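These protein sequences, in sequence, are chains A and B. Numbering-wise (the UniProt record's numbering), the first sequence opens with residue 1 and increments by one. Numbering-wise (the UniProt record's numbering), the second sequence opens with residue 1 and increments by one.
Incorrect hints may have been included.
When the alpha-carbon atoms are kept at most 25 Å apart in a straight line, the in silico SDA-like pairs for lysine to any residue are as follows [to be verified]: (1) 341/B <-> 83/A; (2) 243/A <-> 202/B; (3) 341/B <-> 93/A; (4) 243/A <-> 341/B.
It should be emphasised that the hints constitute simulated quantities derived from the structure, not laboratory data. What you are looking at is a predicted structure, and each value in this text was computed from that prediction instead of being measured.
Residues per chain are reported as follows:
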Amino acid sequence: MPRDAAPPMTSPADDPWAALRRFTPARIGLGRAGDAPPLGAVLDFQLAHARARDAVHAALDRVPLQAALGGLPWLAVRSQAPDRGTYLRRPDLGRRLDPECLPLLPKGEWDAVFVLADGLSATAVQQHAAAVLRATLQRLPGWRVAPVVIATQARVALGDEIGEALGASLCAMLIGERPGLSVADSLGVYLTYAPQRGRRDSERNCISNIHRSGGLAPESAADKLAWLMTEALRLRLTGVELKDEQPPHLEHGAPGVGSRPVLGSGGPSADRPF
Amino acid sequence: MGLYRSDFQGERHRFADLRVVLAKASPRRSGDELAGLAAESDAQRVAARAVLADLPLCRFLEEPLIPYEADEVTRLIHDTQDQAAFARIRHLTVGGLRDWLLSYDATPEALAALAPGLTPEMAAAVSKLMRNQDLIAVARRCRVVTAFRSTIGLEGRLSTRLQPNHPADDLRGIAAATLDGLLYGTGDAVIGVNPATDSVANGLALLEMLEGLRERHAIPTQSCVLAHVTNTIRMIEQGAPVDLVFQSIAGTEAANAGFGVSLSVLREAHEAALSLRRGTVGDNVMYFETGQGAALSADAHHGIDQQTVEARAYAVARAFRPLLVNTVVGFIGPEYLYDGKQIIRAGLEDHFCAKLLGVPMGVDVCYTNHAEADQDDMDTLFTLLGVAGVNFVITVPGADDVMLGYQSGAFHDALYLRSTLGLRAAPEFEDWLELREMTDARGRIRALAPQHATTRRLLSGGSDADAA
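Next up, chain A with everything else stripped away, as it sits in the complex (with noise of 0.2 Å):
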């Protein structure tokens, strides 16, 4: 071995990695073992790999969420996409309302739906969207609010599909977002004025980024979607027009305002609802 080589394990005092690490989440300074990262480095990225996955195919599953709402009213609603791998190859399907499920929503004078979607992350649904859905209706006093719709296999734009069929004057879709290496369980939300199909992403106000673990807390997110829901509805419109407070989720960095643009679903989002 020659007389400079690292040595196989060095004491956190001796690694000039841990000053770094405070300025970066990147994997710096894993080491070697040859050629390849330790073994450690290799199963960490493993697991969250797993996370990651595991989350993308997880089930929604209704009973706890639906005991997490506390007894609002709710029903339940399917998109075209008959399983999730059909899902992921067809963003169109998961768009459009399996017509069976089109006699389950109530025409009415509604202010606004709750739709709470599996999207790419039904852990995200699972463990934030009822939080936030209560904490949004706290602040919304005197609201006409529909009965909440859980929807599976759902992309972005089955919320309008379903808000047209409800004649809701908001759609607020909470939706799964594509589970990352580091959050597997980030939720979204996207408020769609007169929601109908063919709605444009421009259309759309989204708050992203609400999980536990450094990101958005549900109770600052329902502080945010009750004034963009309040705001979407005195000037009747959501979309570039209704100016957030504050730069959108600049903070987190938002891929796909950079340098890879369209390219498709690269960005954090569900779903890029062409």
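Got chain A; can you put chain B on it based on the hints?
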């Protein structure tokens, strides 16, 4: 537009036009299925290949996939096609071209001479008649060498982009990831950051930091902030140290419009970067990224299958003599490339088509968490591309890009490829590594202890001059 018929082994198939033949002949992939262009059965797929095999290459000059009047990329392809270079193969069918490419006559010199005569559609068509090993064997014989401060694409070399992204563009975080990568001997193709926020001010800050780091350690490489081309032009106007101009591009005028670019904007950027004269061993100043699915996701594919329309992007790239081009093959998601098998095939196709057309191709070997792929699939693609002679690959700390949220190559993967296949870094960069005692007697990157002078110098922020 003609009707194409096949009576292949007793089965009758009809295809409405050339686009349909190309689409149905493509290996199965989710993006073509999503677009409604894929073969309806495996037998139909093979029948389409049989039609393609007998198709004269000249047909691609007679029947543009998008009308000449309607698309500036089509005009670029047809206006710049070199008839003299094409002359030696103009009598061939697509199947005949496949046989010639695999023959011993197709030497590196013959392939380089042919490149300007080929259109992207011919390259895509012949690739559909080739197995993975064919794509590897022919690409390996195509050499496309480019240079700026380092020389990339020489035989027996494998370069790397060091991609030190940070979710909030924290300059210290980006510097830390850059230093980490340098200690693995990566970064000889470019040190290139995807900014989380694409603004001129932010781009300037990132460029100044990278320039300072590069100068302090006298690193013979180039830096790049992968901002939108219009922002980079503004940075150049403000006197920023821009080595390379980056832009994502695609294979149709409409898809490029979706990226906010046109050929004239790219021309303006190319001239602006050339005017800075910052290269020392060459003047290739452009860096492009492409990827199958980009045109479809912008609803700008004109009914062309995603691999053929991707190859058209290489015609855009080669018009600007780029230093680097890479496909972001598994980045775009499972609705375009569903699983490891489709990603691997697409990576080999993109590399082959680009190299055949004379484009200095690298690959971002990568996947997302909702694709049916994992590190084992990436290991396979890395190895195949290393054998195929890929110009460069993208590397990030621990294969985890914490800004773009996907898995790319790890610094370790570059070590593996170089060791296992006997590939070396760009010559200028290799000298730099040797001078700093970072390589062993066999040219491999040593695992330096934290106490080693090179580690200390890099991590302390000191310069080479300090150590002298």
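Hint check results:
1. 341/B <-> 83/A: With a Cα-Cα distance of about 21 Å, the restraint between residue 341/B and residue 83/A holds, given a limit of 25 Å.
2. 243/A <-> 202/B: holds, 22 Å
3. 341/B <-> 93/A: Given that 25 Å is the threshold and the Cα spacing comes to 24 Å, the pair holds.
4. 243/A <-> 341/B: violated, 43 Å
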